[in-house]
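> Here is how the chains run, residue by residue.
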Amino acid sequence: MNFFAIIGRVVLALFGETGRLALFTWSSVSHIVRPPFFGRLLGQQMMRIGYFSLPVVALTAFFTGGALALQIYYGGNKINSENIVATIVALGITRELGPVLGGLMVAGRVSAAIAAELGTMRVTEQIDALTTLSTNPFKYLVVPRLVAAVITLPLLVLIADIIGIMGGFVVGSASLHFNSGVYVTNTVNFLKATDVTNGLIKAAVFGFIIALMGCFHGFNSKGGAQGVGRATTNAVVTASILILASNYVMTSLLFAK
Amino acid sequence: MADKQQSGGETPKIELRNVTKRFGPKVVLDGLSLTVPRGKSLVVIGGSGTGKSVMLKCVLGILHPDKGDIFVDGENVLKMSAADREQTLRKFGMLFQGSALFDSLSVWQNVAFGLIQGRKMKRAQAKDIAYAKLAKVGLGPEVGVLYPAELSGGMQKRVALARAIASDPEIIFFDEPTTGLDPIMADVINDLIVASVKDLGATALSITHDMASARKIADEIAMIYKGKIIWKGPRAEIDSSGNDFVDQFIHGRADGPIKMEVLKP
Ligand SMILES: Nc1ncnc2c1ncn2[C@@H]1O[C@H](COP(=O)(O)OP(=O)(O)OP(=O)(O)O)[C@@H](O)[C@H]1O
Ligand SMILES: [Mg+2]
Numbered sequence: 001m002n003f004f005a006i007i008g009r010v011v012l013a014l015f016g017e018t019g020r021l022a023l024f025t026w027s028s029v030s031h032i033v034r035p036p037f038f039g040r041l042l043g044q045q046m047m048r049i050g051y052f053s054l055p056v057v058a059l060t061a062f063f064t065g066g067a068l069a070l071q072i073y074y075g076g077n078k079i080n081s082e083n084i085v086a087t088i089v090a091l092g093i094t095r096e097l098g099p100v101l102g103g104l105m106v107a108g109r110v111s112a113a114i115a116a117e118l119g120t121m122r123v124t125e126q127i128d129a130l131t132t133l134s135t136n137p138f139k140y141l142v143v144p145r146l147v148a149a150v151i152t153l154p155l156l157v158l159i160a161d162i163i164g165i166m167g168g169f170v171v172g173s174a175s176l177h178f179n180s181g182v183y184v185t186n187t188v189n190f191l192k193a194t195d196v197t198n199g200l201i202k203a204a205v206f207g208f209i210i211a212l213m214g215c216f217h218g219f220n221s222k223g224g225a226q227g228v229g230r231a232t233t234n235a236v237v238t239a240s241i242l243i244l245a246s247n248y249v250m251t252s253l254l255f256a257k
Numbered sequence: 001m002a003d004k005q006q007s008g009g010e011t012p013k014i015e016l017r018n019v020t021k022r023f024g025p026k027v028v029l030d031g032l033s034l035t036v037p038r039g040k041s042l043v044v045i046g047g048s049g050t051g052k053s054v055m056l057k058c059v060l061g062i063l064h065p066d067k068g069d070i071f072v073d074g075e076n077v078l079k080m081s082a083a084d085r086e087q088t089l090r091k092f093g094m095l096f097q098g099s100a101l102f103d104s105l106s107v108w109q110n111v112a113f114g115l116i117q118g119r120k121m122k123r124a125q126a127k128d129i130a131y132a133k134l135a136k137v138g139l140g141p142e143v144g145v146l147y148p149a150e151l152s153g154g155m156q157k158r159v160a161l162a163r164a165i166a167s168d169p170e171i172i173f174f175d176e177p178t179t180g181l182d183p184i185m186a187d188v189i190n191d192l193i194v195a196s197v198k199d200l201g202a203t204a205l206s207i208t209h210d211m212a213s214a215r216k217i218a219d220e221i222a223m224i225y226k227g228k229i230i231w232k233g234p235r236a237e238i239d240s241s242g243n244d245f246v247d248q249f250i251h252g253r254a255d256g257p258i259k260m261e262v263l264k265p
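Chains as they are written, first to last, in the numbering used here: chain A, 1 to 257; chain L, 1 to 265.
Mixed in with the good hints there might be a few duds.
[Claimed, not checked] Below, computed lysine-lysine pairings styled on DSS-like, alpha-carbon distance capped at 25 Å:
1. Lys232(L) <-> Lys139(A)
2. Lys226(L) <-> Lys222(A)
3. Lys216(L) <-> Lys232(L)
[What the hints assert, rightly or not] These stretches of chain A come out as covered by chain L in the derived footprint (C-beta under 8 Å, 3 or more residues):
4. 122-128
5. 131-137
[Stated by the list, open to error] What the simulated footprint calls covered on chain L by chain A, stretch by stretch (three residues with Cβ under 8 Å from a Cβ of chain A suffice, anywhere in the stretch; the number is not a length):
6. 56-62
7. 76-90
8. 96-104
9. 177-189
In case anyone wonders, no lab produced these hints; they're calculated from the structure. Note that the Cβ used here is the ideal one computed from N, Cα and C, for glycine as well.
Starting from the given sequences, assemble the full structure and let the hints guide the process.
Have a look at this one:
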């Protein structure tokens, strides 16, 4: 095939996919505000997306906080490291690592699960069956997952922030022999409320991305088990990339002085 | 007026007019026209992959035809607002070819789904109706608490049938209700379909390859071939249709005008 034909085809496919995603996003969001609402399903999804992601997010945050403390200590000026480690751990966790690593971990868990579940429902015609039972698939399947993710991700990241800072504190006081009182004071003094809230805003956006990618790829999967597998992989990959890219944009908007 | 049907005599319950649907380069429905009279049972027969399921999905709005018009009770469903379309969909019940039961819900919740989620009925009341419909298709109360994965294929079909008739629809679509069942169970399902259609006074549009089933449940039979309806007539005339395609199909002969695309070694 002609080289330009290949390029053209790829570009067209990309535009097609972007257009479909835009339409999908619009349908999803417009159904959030229109009744009927499925409260019971929202609760169920908040449990599945939020509560069951706690262990994995907590462990990630704890070890990241610890490793961060060690790196700052090794790389920094050993003399006044006692001041620097606490502040940099707190800022690093709340502004970047808590939301981003938490988001990526939840993307791996939740985007994949959503895509696999909805993908299976698509290829076994269960989504079509919803339509014939007077139930809108967007309202019944997509909206509860989107809303649950947007609500629970900030909560998860708030917990990750606390545990991550604790990880740094444990390493600082146990293995680097810092004075724990000084560590806490430094953390509290240098951390501003906006550091935390901006991180939580990021988390809400990541939650939206995670659920949207899971639902979009699940809804558009076709062709049996293989198609569902492909949808699952694509959901995790696109969610992760969009999280990292949007994080860069939000950092440059939210933290610019 | 394009949005309304010309009403000469009684308006048919469903009418497809010149419906065309393609997937990529592949034309599946090619100007298909078909009418289903009110309160009658029409069976569409035809080979595998000729677009029978696609035709039903176009009427239900699951797929969107590229061309043509579809009328339900004289209203053009393709030109309706989304809200009107949802309202029209409430008239329908559908038995999917692969049953399409919700595997995360128990059997009774599957049957009651349209009542609880779609019509906002109280759970207790919907549950009673679900068990009554399950009894109608010959399934006892012990089945109600099982999950679809725990049922045999024939039981799944019956649950799907119970779900399709749970909200007492005006129009019921059956997509290959007897495929994959043993002959006795197939006949049980045929009886159930005839009985449900009669009880509800519903209009039925069914699809099948199974001639025994077609003869039992049909008032009229139509044959689809290459995306068009090539013959339609009363059930009694199926054996004397004078149409070579129909003859070949109902006698299941490999020789005839219908060529299967099989690669010879
Ligand atoms: N969503 C889809 N995307 C692409 N092609 C499709 C889709 N749905 C159906 N087709 C194609 O349309 C053709 C008709 O499919 P359909 O399911 O209507 O066949 P059928 O007449 O119901 O056959 P069977 O009796 O085997 O169920 C098939 O060739 C199929 O490959
Ligand atoms: Mg079919």
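> Starting from the hint list further up, note which numbers the structure goes against and sort them upward.
1 and 9
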